[in-house]
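Undergrad: Chains A and B, in that order, are what the protein sequence lines are. Position in the first sequence (from 1) plus 18 gives the number in this note's numbering. Position in the second sequence (from 1) plus 1131 gives the number in this note's numbering.
These aren't lab readings, by the way, just hints derived from the structure by calculation. Source: prediction; values computed, not measured. Check each hint, because a few of them may be wrong.
[Unchecked claim] The calculated DSBU-like cross-link candidates involving lysine-lysine, where the alpha carbons are at most 30 Å apart (straight line), are: (1) A:K201 to B:K1251; (2) A:K30 to B:K1251; (3) B:K1251 to A:K45; (4) A:K206 to A:K122; (5) B:K1355 to B:K1244.
Next come the chains, spelled out residue by residue.
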Amino acid sequence: MVTFEHVTKKYKGGTEAVRDLNLTIEKGQFVVLIGPSGCGKTTTLKMVNRLIEPTSGEIYFQGQKTSALNLVEMRRNIGYVIQNIGLLPHLTVAANIALVPELKGWPRKKREERVDELLSMVGMEPSIYRNRYPAQLSGGQQQRIGVLRALAADPELILMDEPFGALDPLTREQLQLEFKRLKERLKKTIIFVTHDMNEALLLGDRIIVMKDGVVVQDDTPEGILRHPANEFVASFVGRAAKPQAASDLLVRDVMNPAPITIEAKRGLGEALKRMQKYKVDSLLVVSDGVLRGLVQARDLYPHLIRDERLPVEEVATPPPVTVTADMPLSQAAVHLTAHGHNLVAVVSPEGRLEGVVTRASLVGVLVDSLNTSGDGGAQLSAGGGGQ
Amino acid sequence: MTVFATWLKMWSYLTTNLPEVVRALEEHVLLLVVFPVAMAVVVAVPLGIAATRWSWLEKPIMAVINIIQTIPSLALMALFIPLGLGIGNKPAIVALFLYSLLPILRNTYTGIKGVDADLKEAATGMGMTEFERLLRVELPLAVPVIMAGVRTATVIAIGTATLAAMVGGGGLGRYIYRGLQLMRDYLILVGAVPAAALALVADFVLGHVEYWVTPEGLRLSREKSE
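The whole structure should be built from the sequences, with the hints applied where relevant.
TA: Set out below in structure tokens:
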């Protein structure tokens, strides 16, 4: 899809941003370029769509030299997402998304359908958001539109320059997870620049670590984690994986964001199956994402014999102790240790279930904090554990 | 008491000679303000855009315009009399046109240059041609700033146009000039009061126009950041 052949970029004043880069990116790959600022990752990205012209060497896009292609034509076939979102403030959400299709001359009807399809894909109701302006959206919503804009004309290749860098940590995490699901569905070739190793590990099929204009390591996420090529990569990975001191941790840092749940209207039989499948002895009962209560295996059995279709909400006990994600972990820990609860549900102020903290989570934190002095290779996995 | 009498006299002059004063006002507005400012828009906006595209143009253009602006307005008008324009409205119109260039040109230039670099890069990166980017991104975002330049130019022109009478032209300045010559205070007021009112009204109206021409989405993003 994209090939770099001996590509070098020298800026005025002699700094070499990229030195003799050779790289081949296969169709369908999600490639992450990562490194500290000034390592040449953004320069590399922008040389693909020629926002930056290489000083020497040749870049190929779909087998053709990019220097020989019509620049405007080529850029319209490459999606581009920038860090600071770059939505045009004077255009509506729909007009922003449909920008490249419009430049390409798609008929209005086809553009409108495409906009609605894309908005629905990220869970933004088209009838509500279509005619809004960027200023009327939250930062997270704006960057969703930024991503959709790059997808609109269905390009084969998408370039993303720290797309989630400007967002607050919580929104960033949410968008990363959303985008991970999205990219698995889309199967596009994506080149993604970041300086956040956690993000790289979460999204990338292939991670290219750069430093001072050269590639230090080009490997799978596992390869980077297990066999860092040198001290530099190791420290980069280590910094990403190192847990914070236990006293600063918030509930959010250790909670399992995907607890095993069951819809309130489902039958007891299904509840039992889920408990068996996920090897847990309790399920959180939710309806429309809002926490309704807890059902434990021992509550299940007496009723199960009589009617296995009885809705779980009939036998559920009121919600267990709840905390919010931004409380200090110590508060949740008190419930688990002193008050003897098995789990503490994490809910948003509106009552939506966001996660769960279990005793196993606490043990995970403890183990990690004991290991911090060792090699940084261990992945932060404090959130695990059975309910 | 005499001040009050002067105002009364002005009032009676105005009411008895209303058609004539209205004609002077029309001449002032249309011939000495709207026409030269409109011509200045036609010339300065493209010039300002050109200066943003070819940076070597910026210095010479700004230098010439600044020199024009430095010449006292009455002197500028007078300079054109021997240059084949004679006395009357012509030298005044040319001077007012030249005078209006600076605020419009400067605002066009800074308005377009001031468009967020990230937006420009996003537009280019998505495959807009230079011209598409200008038309769809830079100009719409610069329109409020350009309009502010037009507003400044208009208000300045309304004031400067009162000098047209000195070079044999018309407009409200004629009453001021005649009043000065005849030492009739009320005649001075017949020219000065409508001219001052005109400037205030124009400033107010163009302030609203500035708001209307600002794209809605841009207005919202400004309100948000305030």
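Undergrad: Are the hints correct? Go through all of them and say.
TA: Comparing the hints with the structure gives:
no.	hint	result
1	A:K201 to B:K1251	holds (27 Å)
2	A:K30 to B:K1251	holds (22 Å)
3	B:K1251 to A:K45	holds (29 Å)
4	A:K206 to A:K122	holds (20 Å)
5	B:K1355 to B:K1244	holds (22 Å)
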